[in-house]
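S.K.: Chains as they are written, first to last, in this note's numbering: chain B, 1 to 289; chain Y, 1 to 314.
Incorrect hints may appear among the rest.
[What the hints assert, rightly or not] Footprint (simulated), chain Y over chain B, 3 or more residues, beta carbon under 8 Å:
id, region
1, 90 to 100
2, 104 to 117
3, 253 to 259
Keep in mind that the hints were calculated from the coordinates and are not lab data. The structure displayed is predicted, hence computed values, not measured ones. By construction, the Cβ of each residue, glycine as well, lies at the ideal position given by its N, Cα and C atoms.
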Amino acid sequence: MATVSMPLRKKRRSPGRLVAEIVCCVIAAMVAFPLYWMVLAAFKPAGEIQSATPWTFAPSLESFERVLGSNGFGRYFLNSTIVAICVVALSMLLSFLSAIALTRFRFKGRTVLLVMLLVAQMVPVEALTIPLFFMVQQVGTSVPAFGLNQLAPLVLVNLAFSLPFAIWMLRGFVAAVPAELEEAAALDGASRMRFTWQVLFPLVAPGLVATSVLAFIHAWNDFLFAQTLIFSDVDNRVLPQAMRVFYKPEELDWGGIMAGATLMTIPVLIFFIFVQRHLASGISGAVKG
Amino acid sequence: MTTQLAPAAPDLEVQAPRRPARKKRDGRAAAIYLLPAGILLAALMAYPLFQLVQISLYDYNQPQASGAEPLVFIGADNYIELFGDTQFWSVLVSTILFAAVCVVGSLLVGTGLAVLATRVRAIPRMLLFLAALGAWATPAMAGSYVWLFLFDANFGVVNEVLGMQGHSWTFERFSAFGLVAAEVIWCSFPFVMVTMYAGIKNISSEIIEAAQLDGATWRRTATQVILPILKPLLVIATIQSIIWDFKLFTQIYVMTNGGGVAGRNLVLNVYTYQKAFAGEEYGLGAAIGVVMTVLLMLITVVYLRTQRRSGWQP
């Protein structure tokens, strides 16, 4: 990957570059501003919320305390975390197995499956809320844990919808492991199972981390399916729904809402920073094609 | 934000090691490996898709859903009702226009900033990428509320600075759509930017030097050397953005409070939800879902064809 000095940056262009750098910093500040304002409002004491002063000298945790103390926000946070962790763990496992089958095995119908996988990414899953609602309702009459107002169906739905892309992305990582390695392992008498878990798995791990962030975000952000499938049980709500509960047009508690938004963003940010390097390699791997 | 933070689809030109002798055993092993994901996708994607079409052909309202009244097959009646409804057409048009604005906006901003990022030194570039990463990571729900807060009629900093206290940005149709579009572009341009930046970085410097040695001007190098190399990437980013922005739900639902005053800020996804779950007209809602699926499938065909044209073989 050669570092390109982008279109002909000549030495005499350096005043131009300075302008570009200033513009770049200004844009960065603009892009970051909404997030800064969110965190600031979350820390401002109640009386200062309305003011446009871009700092505060009396940061307070009142808003956070109010949010965490009331309306079961902690409970919703926990629910969201449970759903997201289950989705991430299962999607890593399933997409790993599928990616192996689709890259390292030759079998009839492989091409058809690959095209189907591509088409599956295009399905507007949001349109499926209606049949899924009835399906989950029906399943719930015989298996209550997988019925409406439960977290389990939410896990499965989010898992299913993040899977096609996860498999797709992981294929590149699995294919990058040289075939000679598999032959060597076979010569050494390692079974396919053993090769999969003791050789392939550690080698593909960075790819798994990169794909897992997609599944995590998918599950963490989902509002439509949560709203549809968990429509009445207050205890089993997840975070995006909780945010809706906070927002009451009559008594707008912006400090509280921004504290909630901050709490909701932090896990994703942490995840992002954590996988950022792998993500970049995943993307550039995808890009090279 | 459309936070599937999906990078472009990896190339398909992945060759499995050739072992024809083991084909049969491979088939059996592949079946076992693919089984869990296959069952899940069949049960939660393929079958519901089939059911969606089925429901759209029935007179399916609350009494039928609860089993109080029998189901009546009405064929295309839901579709006829839908196509005769002026609101449907206006929602369809606003969905397409709104998605178009979001797609063009994120592509322009993303590509523009990617080019900018290649022309500055490391520190400004890092600041830009950090800010973009933050916007990218913000969940749709949190982002929607932050933007609502910024533009709030009485408490928002924007009105405070502009001296327009009391002005509601979400009341009027176009300003409401504009506000949502701004939020959507804010959180979806980073994907385009990171993709295009990686693409520009991957162009080997020899190609550009060669073009220059041949006497190509700056503009010619950009349009006839760099752009063609980036084109497949740009196509992928475009299609990916179309798919996301066409299916937006959270932002519209939250920022316009369920589709705006008198439903004038509805987009198809929210419209489906309102018809089905607020209006309890499941048959009609399913018909809208089918129309949406067909539209997006058309886009899929375009996607596959452009992929194939750029030399793609599965």
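S.K.: Failing hints, ascending?
M.R.: none
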